[in-house]
Every structure is written in structure tokens, then in C-alpha cells.
Amino acid sequence: MKVLYPFIAVLALVAVALVGSQISGLQYLLGVALPYLAFAIFLGGFVYRVLQWAKTPVPFRIPTTCGQEKSLSWIKRDPLDCPNNKLEVVGRMFLEVFLFRSLFRNTKAEIGEGPQLSYGSSKYLWLFGILFHYSFLVIVLRHLRLFTEPIPLFVKVIEFGDGILQLGAPTIYQTDLVLLGAVAFLLGRRLIMPQLRYLSLPADYFPLLLIFSIGLSGILMRWVFRVDIVAVKQLTDGIASFSPVLPDGIGPMFFVHVVLVCTLLIYFPFSKLMHMGGVFLSPTRNMSNNNRAVRHINPWNDPNIKPHSYAAYEDEFREFMVEAGLPVEKELPPAEKKEE
Amino acid sequence: MPIHLGEDCFRPGKMKLQKLLKEKRSSVLDKWVDAVLNTYSDEAFRIFKNEKNQFANPVGYRVSAGLTALYDAIIDREIENKIPQLFEELVLVRAVQVFSPSQAIYFVFQLKDVVRKECEKAGLTDFYKDLLIFYESIDAVALLVFDLYMASRDRLYQVRMKELKSGAHIFTDGGCPTQLLREYRKNKRN
Amino acid sequence: MALPKLEELSKSVAKGPSLMTGGIPRHDWLETTPVFKPENFPYPTNPKRLEYLGFPNPRVWSPEDEDWKLPENWKDIILQGFKERIDKFRSFRIFMDCCVRCGACADKCHFFLGTGDPKNMPVLRAELIRSVYRNDFTTAGKLFGKLSGARDLTVDVLKEWAQYAYQCTECRRCSIFCPYGIDTCEITMMMRELLHLVGISINWCMEPVSNSNRTGNHMGLQPHTYYENVQYLAEDIEEITGVKVDVPFNKKGADILFITPSADVFAEPGIYTCMGYLILFHYLGLNYTWSTYASEGGNFGLFTSNEMMKKLNGKMYAEAKRLGVKWILGGECGHMWRVVHQYMDTMNGPADFLEVPVSPITGTRFDNAASTKMVHISEFTADLIKNGKLKLDPSRNAHRIPTFHDSCNPARAMGLLEEPRYILDHVVPKWHEMPENTIREKTFCCGSGTALNTDEIMDLRMRSGLPRANAVKFVQDKFNVNMLSCVCAIDRATLLSLVNYWTPGVEVCGISELVGNALILDGEQKRETGLRFEPLAGMEG
Numbered sequence: 474m475k476v477l478y479p480f481i482a483v484l485a486l487v488a489v490a491l492v493g494s495q496i497s498g499l500q501y502l503l504g505v506a507l508p509y510l511a512f513a514i515f516l517g518g519f520v521y522r523v524l525q526w527a528k529t530p531v532p533f534r535i536p537t538t539c540g541q542e543k544s545l546s547w548i549k550r551d552p553l554d555c556p557n558n559k560l561e562v563v564g565r566m567f568l569e570v571f572l573f574r575s576l577f578r579n580t581k582a583e584i585g586e587g588p589q590l591s592y593g594s595s596k597y598l599w600l601f602g603i604l605f606h607y608s609f610l611v612i613v614l615r616h617l618r619l620f621t622e623p624i625p626l627f628v629k630v631i632e633f634g635d636g637i638l639q640l641g642a643p644t645i646y647q648t649d650l651v652l653l654g655a656v657a658f659l660l661g662r663r664l665i666m667p668q669l670r671y672l673s674l675p676a677d678y679f680p681l682l683l684i685f686s687i688g689l690s691g692i693l694m695r696w697v698f699r700v701d702i703v704a705v706k707q708l709t710d711g712i713a714s715f716s717p718v719l720p721d722g723i724g725p726m727f728f729v730h731v732v733l734v735c736t737l738l739i740y741f742p743f744s745k746l747m748h749m750g751g752v753f754l755s756p757t758r759n760m761s762n763n764n765r766a767v768r769h770i771n772p773w774n775d776p777n778i779k780p781h782s783y784a785a786y787e788d789e790f791r792e793f794m795v796e797a798g799l800p801v802e803k804e805l806p807p808a809e810k811k812e813e
Numbered sequence: 188m189p190i191h192l193g194e195d196c197f198r199p200g201k202m203k204l205q206k207l208l209k210e211k212r213s214s215v216l217d218k219w220v221d222a223v224l225n226t227y228s229d230e231a232f233r234i235f236k237n238e239k240n241q242f243a244n245p246v247g248y249r250v251s252a253g254l255t256a257l258y259d260a261i262i263d264r265e266i267e268n269k270i271p272q273l274f275e276e277l278v279l280v281r282a283v284q285v286f287s288p289s290q291a292i293y294f295v296f297q298l299k300d301v302v303r304k305e306c307e308k309a310g311l312t313d314f315y316k317d318l319l320i321f322y323e324s325i326d327a328v329a330l331l332v333f334d335l336y337m338a339s340r341d342r343l344y345q346v347r348m349k350e351l352k353s354g355a356h357i358f359t360d361g362g363c364p365t366q367l368l369r370e371y372r373k374n375k376r377n
Numbered sequence: 035m036a037l038p039k040l041e042e043l044s045k046s047v048a049k050g051p052s053l054m055t056g057g058i059p060r061h062d063w064l065e066t067t068p069v070f071k072p073e074n075f076p077y078p079t080n081p082k083r084l085e086y087l088g089f090p091n092p093r094v095w096s097p098e099d100e101d102w103k104l105p106e107n108w109k110d111i112i113l114q115g116f117k118e119r120i121d122k123f124r125s126f127r128i129f130m131d132c133c134v135r136c137g138a139c140a141d142k143c144h145f146f147l148g149t150g151d152p153k154n155m156p157v158l159r160a161e162l163i164r165s166v167y168r169n170d171f172t173t174a175g176k177l178f179g180k181l182s183g184a185r186d187l188t189v190d191v192l193k194e195w196a197q198y199a200y201q202c203t204e205c206r207r208c209s210i211f212c213p214y215g216i217d218t219c220e221i222t223m224m225m226r227e228l229l230h231l232v233g234i235s236i237n238w239c240m241e242p243v244s245n246s247n248r249t250g251n252h253m254g255l256q257p258h259t260y261y262e263n264v265q266y267l268a269e270d271i272e273e274i275t276g277v278k279v280d281v282p283f284n285k286k287g288a289d290i291l292f293i294t295p296s297a298d299v300f301a302e303p304g305i306y307t308c309m310g311y312l313i314l315f316h317y318l319g320l321n322y323t324w325s326t327y328a329s330e331g332g333n334f335g336l337f338t339s340n341e342m343m344k345k346l347n348g349k350m351y352a353e354a355k356r357l358g359v360k361w362i363l364g365g366e367c368g369h370m371w372r373v374v375h376q377y378m379d380t381m382n383g384p385a386d387f388l389e390v391p392v393s394p395i396t397g398t399r400f401d402n403a404a405s406t407k408m409v410h411i412s413e414f415t416a417d418l419i420k421n422g423k424l425k426l427d428p429s430r431n432a433h434r435i436p437t438f439h440d441s442c443n444p445a446r447a448m449g450l451l452e453e454p455r456y457i458l459d460h461v462v463p464k465w466h467e468m469p470e471n472t473i474r475e476k477t478f479c480c481g482s483g484t485a486l487n488t489d490e491i492m493d494l495r496m497r498s499g500l501p502r503a504n505a506v507k508f509v510q511d512k513f514n515v516n517m518l519s520c521v522c523a524i525d526r527a528t529l530l531s532l533v534n535y536w537t538p539g540v541e542v543c544g545i546s547e548l549v550g551n552a553l554i555l556d557g558e559q560k561r562e563t564g565l566r567f568e569p570l571a572g573m574e575g
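Residue numbers (my numbering), protein chains in the order written: chain P, 474 to 813; chain Z, 188 to 377; chain C, 35 to 575.
Next comes chain P alone, as it looks inside the complex (with noise of 0.2 Å):
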């Protein structure tokens, strides 16, 4: 069921994106309109939701600590799982958003105890989610060559880089088979693990059949139902620079992509996609240590929040501090040490 509705979901684009390449009227709608609301939504809706986080006050600074903090001038500490100052939280967060520091910790302690596979299995995760991010980063920069006269040095480099086993014809870029790969680990992962397969929601199913969906038809599109480049090449260079313009004869799958695509852009800020931005300002991670140092604000702070006073206290106990030897603020009154 889980799986099953965002399954649908996906087959229905491709049958909608497949039709409506047939449809002149509506080949533009798919091929022109779309995509443009697409980025505007993605944009717009990436934008409000990091703005939105971003004007949420962190009332406490409360980073999860690695490693030894700095305290007395001789003991060792560990700057990148316990910062002290901004340089060093810009290098743990470097270690976790570009080389997934945390996920890579699952594996660490556990090399040496029981057998490979338990570990095994923990540095899956983290191997298989670095794959399939860094190939995605890789085929999003490759696919600018579409939107930018002349095309930029590096995007060249990265081409040639990503086709440099010279296989097929045209080059098949490692990227895309690494992608596909890893995405069908981290669905099958999903499917198979029962505690994930518990856990899993529609949500976690659908991003991921959409991407494997993207790369499939983007490969297709490549190899067996070929499109017509210089016509893509034509349209992407028109709606990158405000005037479209729709050459006939691109293939059908050229539309099944964009689709797809495009869907994927505008889920994007309404989904947990939205981890990309997030894990930027994760209140655990990028704050420095430095607690106890440097004094952070709440600007929520309520003043009128005051502890039960001592004056207070006095009063209930001073009998019994005075009996008890205690200095106390005010003494007895007279009467009262008459009266023993």
C-alpha cells in the first residue's frame, strides 16, 4: 500500500507526459509553462522555507558535543566534533553535509567487533547515500550545458570526467548507472528491512521511485528512444533565456523526463527534500560549544520569570535556621525568643 499509491502516482506522470507529447497545444504546456512554474515554485517555495526557518529564533544553543570540549589548556580536544569558535563549526559542517560525518560514525566502533556484516550493513547506508547524492550533484551540473551559450569550462570537465571509461556510444556516464544503482539500494533498503519497511511513509517511496523514474527516462532518452539533441538544446537555450521557443520532433520520452522532473522540483519544498536546506541550519550542529564562554540570547527571554525568592525562603525556614545555627538575613523577631 505504502509503496503502492506513490507507484501509481509516478505511472500516471509517465502517462499523462506520453500524451500530452502527442497533443501540439499541450506539448508546450508540458514543454514550455511547465517547467517554468516548476522552478518558480521550487525556487519560491525552497526560499520561503529556509526563510521561514531562518526567522525561528534559536532561544538556546544547545550543539551535540562529539568530543572532548575545550576546557583546561592541556587536555586534547577535538575541534571537529566539538567546535569552539565559527572556524571550526564551518568544519564540522563541512564533514556532515559534504561527507555525511554522523552517518559515517555508525561504522566507526563497530570494525573489529562481531562479524562484517553488522558494520557492514551501518557503512551501506552511509557509502549509498553519498553515491547517489554526489551523482545527482554531478548530473545536475552536466545537464547546464542545455542552459548556458558558450558552455563553461567546467561543466566540460565534468562531462568528460563522468564519461572517462569511454564506453558505448554515445559515452555512457558512470553517474547515471551509479545513481540508478544507488537509488534502487536505499528503495530496496526500504522494502526489505522490516524496521524501515515499519517505519517507511508514501513520502519516503515516491521521491525515490521519481528519481530512479528521472534516470531512467533520462537514459532512455539517450540510448534507445532517442530524442532529438539539437532540438532539446534549442528549447532549454530559449527558456533559459526568457524566449521559448518549441522545435518540432522531439522524441516523446523528452517529455516523460521533463514531467517528471518538473514534479519532482515542485514537491520538492513541500516534502522532507527540504533536508537540503535544513541540515545547514540545524541548531546541533552549527553551533559552537562555547557555552559557557560566550553568552547566547534568547530574544524570547522572559524576564518576569523569577526564582522563589530567598527572602521567601527565609521566611518559611528562618525558625529552624536560626535553631540550627544558620547566618540568617533577619532575625527572629523578640517576641518569639522569649517565648523559649
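Hints were generated in silico from the structure; no laboratory data involved.
Note that this is a predicted model, so its numbers are computed, not measured.
Any given hint might turn out to be false.
Said to hold, decoys possible - With a straight-line cut-off of 30 Å between C-alpha atoms, the simulated DSS-like cross-links for lysine-lysine are: (1) P:Lys-475 / P:Lys-549; (2) C:Lys-423 / P:Lys-549; (3) C:Lys-82 / Z:Lys-352; (4) P:Lys-745 / C:Lys-82; (5) C:Lys-355 / C:Lys-285; (6) C:Lys-512 / Z:Lys-349; (7) P:Lys-745 / C:Lys-512; (8) C:Lys-103 / C:Lys-180; (9) P:Lys-779 / C:Lys-423; (10) C:Lys-360 / P:Lys-549; (11) P:Lys-528 / P:Lys-559; (12) P:Lys-745 / C:Lys-122.
To be verified - Take a look, some chain Z residues computed to stay more than 10 Å from chain C by CB distance: (13) Lys-209; (14) Glu-210; (15) Ser-213; (16) Ile-262; (17) Glu-276; (18) Ala-309; (19) Asp-326; (20) Ala-329; (21) Met-337.
Stated by the list, open to error - Far from chain Z, some chain C residues (derived; all Cβ distances over 12 Å): (22) Pro-78; (23) Lys-180; (24) Val-279; (25) Leu-318; (26) Ala-503; (27) Tyr-535; (28) Glu-558.
Ideal placement from N, C-alpha and C gives every residue a C-beta, glycine not left out.
Assemble chains Z and C onto chain P, guided by the hints.
Just chains Z and C, lined up with the frame of chain P:
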């Protein structure tokens, strides 16, 4: 009280069943562990079963280590001499997992089922006597486990009592801390 | 009565609703309802305490009852409170939005490992509240409903929050494995704050809160009692060492105010840690003072609400100001240091009436506490040892073979890892670490933190503490470890029960007890017993 086993029980070299149990040790054990872990939820089962690191998965570790120790003790007819320590720990675990007493010690009887199926699979037809004798030792083990289970529950209540007495609790309206401390000091010196 | 067949019995064992902490899920997690049994939920708060503290909806109720006597508009109250909190805490909002349910946290939680209940996987604990967040506060949830994992807030959902918010010790272990740093502690805190709005709370938390507010400490010890108890400990010290130690109280003009959890003053084995402090301060001739007003280092407000935490913590600075001390020294406590390190300065600072802490003995300036002006006893002691200021005889601890338990908060909310180890190196002949993935930032919780250290849920505590006990067992078997040392008062109380059940023969102590026992005082008599009146090695019989 020592548990007394029947004369014939696992007379070395005589029983076909014992031979079979030794040959099929890992397969029988595996099935037994599975059957026991199956009494937990599906998600827990997966982790208890597959996470081999004993520190990341204490429950699964204790189940498999405890059953292994017990199995070997049964085959080698060592039950009355020693209760393997690892097995004691397994009962300690079962005793605090919200099982009813019968559920908590049911795992012993699960071995009967596993072994009977294994015999059938091995085509061992002329085995009823062996099996009866084997069941006898399972029954003996069950009695031991019952003792251990009760001892574990008893230990748990001792822990509760001790915690209350140690003063590691908060005083509600009635208690006078100084009085308690005085009594406590008196007891400690004695 | 016919006996059920084995197979059937096996099924009933596997699928029976009594299993684990309240029935194993036969349905999707969005649809299961919680089951409350006497053993799996602490006693609800005595209404008198709630009235005293001004918390809403004080009443007599039981979690086992169908009707929890919630206010009529409970749902509005919760949703209103929810909205306020996602607008006030970036952590809460981001943690509601960002989780991808990768499952890396699932098998990191001691509650999950010990109970096997899937809703104790940190991700699902958070999903319990996230599902409501999606339903009421996100576009996707409004558009796609259940498909996006959204569900309506019902009484059963609320009960489920209560069940699992009180099966989390806010230990942050899952957080270190999360790729987005999602901290279940923050989520549990928010769940508990929301539950308080409709009068759902536990007595073991609110009793200490109200005691602490009124008498200054969790135990509810009144000033004269507190004072007397410390005197008793001083008498014990005199009996053991032959040296009379001073116990200065509420002393104006002292240099340092000393604050430690009140359990150290009354409860075993904390009292021995307390004797360690007294011996150390006497040895140093420290110009310091105790306070009866700020006589609690711990702060159960942390487990209640941020407002309550602030109110209780306010006493520390208030008392420091009244007594005119220069800085504050804090005893061994876990959650106290979470509050002191991460919240105190923000909530109750700036402490501009205090000075940057300087050790009067070594002259070391504690720049890491330059703003808060509060130093941890382990930092203070480690500095003394490093500078050769302590005459120590580790052989007096030869009868102890300790291991060291990193308490959750000093480890994962402060980064205090090396100091206690450095001290251990110098006060005992030998000690042993527990296995690598169960210590330091990966340490396992005692299983009874956040006010769950109450005896009516002892079974549950033994389960949640199993991962910790299991590692202790390992070093007990391998190295004959007989002492579990730590720097946390809750640990000292709860680990004792844990080891009494799982690893009898192991005792529990604070680091300062070992320091006090090893410290050679001027004019002391030949010591025959340790601080517990136990014979020293070579002195038996």
C-alpha cells in the same frame, strides 16, 4: 535441589538422537534462536537477529549466547552439574520483559518442537524412545528455568526494596529525612 | 481444560497484546493505540503539586483509565501550544521538517534495544508528533493527508505521546548518528511541555520540581536538615581519617559557592561522593560555602518545561549574588550540567556580578567558563592534579577496580570526557574502559534519566538499562571490574539498581569518592577503611 534425570538420558554413544543433535547443532540452534526471537515484534526480531555486535544488541546476544550454552549443556548432559552463566543472564532478560511467567519460560519447550521437526526431516523414524528421554531433559530444564525466573523476579523486588531504603527517593509529605538518616547511620554501623 | 497446542501457544506469545511495553503493533504505526499497564507508566502527579506550581488541570487520574479527565478544549490547547513552539524553537521546526526516515537512529536507542518496541526507535518516537505536525501545520499534510503520513490529533494519539515521551531519557545518543543532527531530546522536551498544558505529567518529576522550588532541593530537605546531614558526613570523615573538616554554610564573603545535587547529601552512594568533596575542600583550605537555599544542583525543570527550568535554575545566581562569592563550583551531576552549560547563562545571565573563575590554589583561569562563571568539579580537580597540588595515595583504592560510565549530558551536551579519566588515572592503581561503542559520545544511558528513576517502573528501567549493564558485564567478566564510577547523581542512584539486578558484585561511585579516599590529609590517622567504612586492601579481617 538437584534435578534428577532418567537413567537412560543421553547415555553417551548410545542414542541416535544425541548423535543427530550434535551433527545438526548449528541448524537446530539457529531454528531455536529464531523461534525465541520471534516472540518479539517483527522489527525487533530483525535487529535482535542480525545485529551481531553484542554491545549494540544485548537482547539478541543474550538470547543466542544463552540458548547455545543451554543446548550444549543438554547434549552433554551437564544440566544438573552446572547452570551455564550465560543462560542465567538470558532468564534475567526474560524476567523483565513484560512476559507472563509462562511466556517468559516457554522458550525451553520451543526446543521440543524444533528437534521433533529436525528428526522427521532426517528421516529418523525409530526414535520415539529417544525423543521421550530427550523430552524428559527438557522438562528438567524447564523446572530449572522456573527457579531461575523466580529468582530473577525476586532479585528485581530486592532491587526495588533496596532503592527505597537507600534514600535515593524523594520525600513525600510524610517522611522526616533526618529521622531516616539517623536510622540509616545506625544500621550502617552495625 | 484442553491444553493449547504448542504452535498456538507460540502464536499467542508472539502476537499477544501483553508483549513488551504495551502490545506489539499488528497494525501500521499510525493506527495503533497505546496500552497502559501498571508497570509501564510512572504514577501521575499528585494534584497538590500541580496546584502549588500553578500548572493546569490538577486532578486525580490514572493512565490505565479510559478517561484521562482532560479539559474539554484539550485539542485546541495542544494545537495552540504546538504553534507557539514551532514559532519559538528553530530546532523543533527543523526537526519536524527535515527527517528523511533513513533509520540510522533506529538501533541506537537504549529503550528500543532493551524493549524491542518499534515505537521506541527515535525516528518513530518523533513521528508520533510529526504526524500531527504534518496534519495541522503543513501544506503537504493538508493536501495529501494520510499519504504524507499525517494524522489527526485524537485522545489515543495524545496518550501515545505520553507513553513514549516518558520512555525517552533525552540522552541524545540517537542525535549523534543522525545526518541532520535531529535531537530526540528536543522533541521529547516539546512533547512533555505540550502534555503539561493539559495536565499530563508524572509525580516523580513534579514532586522534585515543587520540592526544589520551595525548600531548595529535590529531596524536600529543609535548611536545618540539609545542614545536619552534611554535618553527619563530616563526622563520618572524622571517624575515618581522624581529621575534623569544616562545613561552611550560607557564608557571606566566601570566594566560591559550591552546589551539588541534593542526592549527594542524603542518598547512598552519593553521600560518599559528598564526603569526597568535603575532604578535598578541607585539604585545599578552600574559602567556600554551601547554601541551603540553592541546595540543589539538579533541575527537574529540564524535564518539565523551559520556564520551570529557568525558575529553578535562577536560584544559583541569586544565591551567588546574595552571598557575594566570586564564582560557582558545581558537583558531579549529569543533567545539572546540561542546564548549567547550555542554558543557565542564556536564561539567568549575565552573571556580571561574578568574576571569571580562577583556581585559588593553582591560579589557573577557567576561560572556558568566562561568562557562566561556573566550573565543573572534575575540571577543578584535574587542574589540581596536573599542577601537583594533591598528595594522593592510589593504593588506598586498590580494592576498587573501576570502569568509567560517561553520563549522557556531560558527554553529549558538554564534551566533558577527558577530565574524569585523567583523575581516575591518578587516584586508582588501575581501571578499565568499557567497549568502545558504549563510552564517550556513544555512551549508553543508565535508562532512568529524565525523572524516570522511580521504582514503580523498575521492570522498564531494567530493560532500558540493559545496553549499559551489558557493557558493564563485559568488563566485570574480563577485568574483574567491581566499581562503576561516574560523574552523575542520577546515575549513582539508578546504576546501583541496574548493577544489583544485572551484575551483582559491582558497586557504583562518584569520581570524587575515589579522590577523597586517595587524598592524604595533614595529621590524618592511619586509614583502615574507605569512606564507606569498608576495609581497605590489606586491612581486611
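Which of the listed hints are broken here?
1, 4, 7, 9, 17, 26 and 27
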